[in-house]
Every structure is written in C-alpha cells, then in structure tokens.
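Undergrad: Sequence:
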Amino acid sequence: MAVVKSEVPELRVRRGNTAEANPDGDYVLYWMIAFRRTRWNFSLQRAVDWARALKKPLLILEALRCDYRWASDRLHNFVIQGMRDNAADLEGKPVLYYPYLEPSAGAGRGLLRSLAQRACVVVTDDFPCFFLPRMVKAAGYKVPVRFELVDANGILPLRAADKVFARAHDFRRFLQKNLRPHL
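Count along the sequence shown starting at 1, add 1336, and that's the number in the working numbering.
Incorrect hints may appear among the rest.
To be verified - Below, computed lysine-lysine pairings styled on DSSO-like, alpha-carbon distance capped at 30 Å:
#	residue 1	residue 2
1	K1478	K1392
2	K1391	K1478
3	K1499	K1341
4	K1473	K1499
5	K1341	K1478
6	K1391	K1473
7	K1391	K1341
8	K1341	K1473
9	K1392	K1473
10	K1341	K1429
11	K1392	K1341
12	K1513	K1499
13	K1341	K1513
14	K1429	K1391
15	K1513	K1478
Said to hold, decoys possible - If you anchor each label on the Cβ, the simulated ranges turn out as follows:
#	residue 1	residue 2	range
16	A1423	R1508	34 to 42 Å
17	Q1453	H1505	47 to 55 Å
18	H1505	Y1477	39 to 47 Å
19	I1416	R1509	36 to 44 Å
20	E1427	R1508	39 to 47 Å
21	K1341	P1430	32 to 40 Å
22	R1509	K1391	41 to 49 Å
23	P1464	L1411	13 to 21 Å
24	A1423	D1506	36 to 44 Å
25	Q1417	L1515	27 to 35 Å
26	P1359	R1508	39 to 47 Å
27	K1478	V1339	19 to 27 Å
28	Y1434	R1509	42 to 50 Å
Calculated from the structure, these hints are not laboratory results. For glycine and all other residues, C-beta sits at the position ideal for the given N, C-alpha and C.
Work out the full structure, taking the sequences as your base and the hints as a guide.
TA: Laid out in structure tokens, this is it:
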C-alpha cells in the first residue's frame, strides 16, 4: 500500500524518507513532537487514517528528553501537564498512548528506532522551528518504514505559499486571495 486515503489534505503531508509502508508491522506509530494535542491535529488524523486502512492498532509516542539545550523545569512542567491531559483524553479510546519521560540523560536514546522496527508506518509532526527539523531529519535515516511528516501549524498549510514573504502586507494579500480552499 503506497498511499492511504485520508481526510488530511496531501499538501500537508510530506515524506521523511523513501521507505514504504510495512503492512506486516504490528501497529501504526504516531510520534507526537510538536502538536501535543488530541484534537484539531492533522498528524494524529493521518495516523488514525493509516491505522484504519491497515487494520492495525495506533501507538502514540509522546516523549520528553531531559538533556536538550533548552530543557527547563518550567517548560517540562507545561509539557507534562499536557501529557496528563492527553492521557485523560485518550483513556478508553482504541489507541495505546505511551508518554515517555526520560529518567536520565540518554536513557531514551534509540526508543523511536526500536518502536519503528515493528511499525507499519511512522507519522510525525512537521514543525519548522526549534530543534525539531534537525531531529526529524535525523530520524528519517533511522526509521525503516514509511515516515510521514504532517503540517498542522495553522489553517494555511506551510507549503501553500511558493515563496517567503518579507513583509506582512504581502503575506496578508496572499492569504486573503488563497485561504478559502483550506478552510
């Protein structure tokens, strides 16, 4: 199966590697890294669509490392509160939610690769900022199955514009002319 029928517009989906889906895998893996929510999340919807198409369970991995440059108690408290909310939202739903808090520096190294070994497809968030683009690019080399990045950044897909706008005025005009099909 090369592509899944999905409610997520194709403009929001891009490949993170050249591998194909493994229909013999044990589950579809959604690696939740930026859009840490269970509602209004194109990435999660795409993972659900894959799970339904392949008739496989959905595993959601939401991990939090402790040793990156910007780690702080304040930020981690915020993320952990969100993990608690996600666990409550997903309780009783037909998904397996795996909130992973790294207990010591480096303890989570290899977790994604290990889970991806048994996956049919890995779906993650396409977020253009912070350290996430580098992290996702590196993961693309380690994931042995189809790896999809899904843009859920806003109502206008990131790839809807074919250029970077230097002035807000220019972007606003573009948005006013081009937003309607994405609503």
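Undergrad: Kindly indicate which numbered hints from before are broken by the structure, ordering the numbers from low to high.
TA: Those not satisfied are hints 15, 21.
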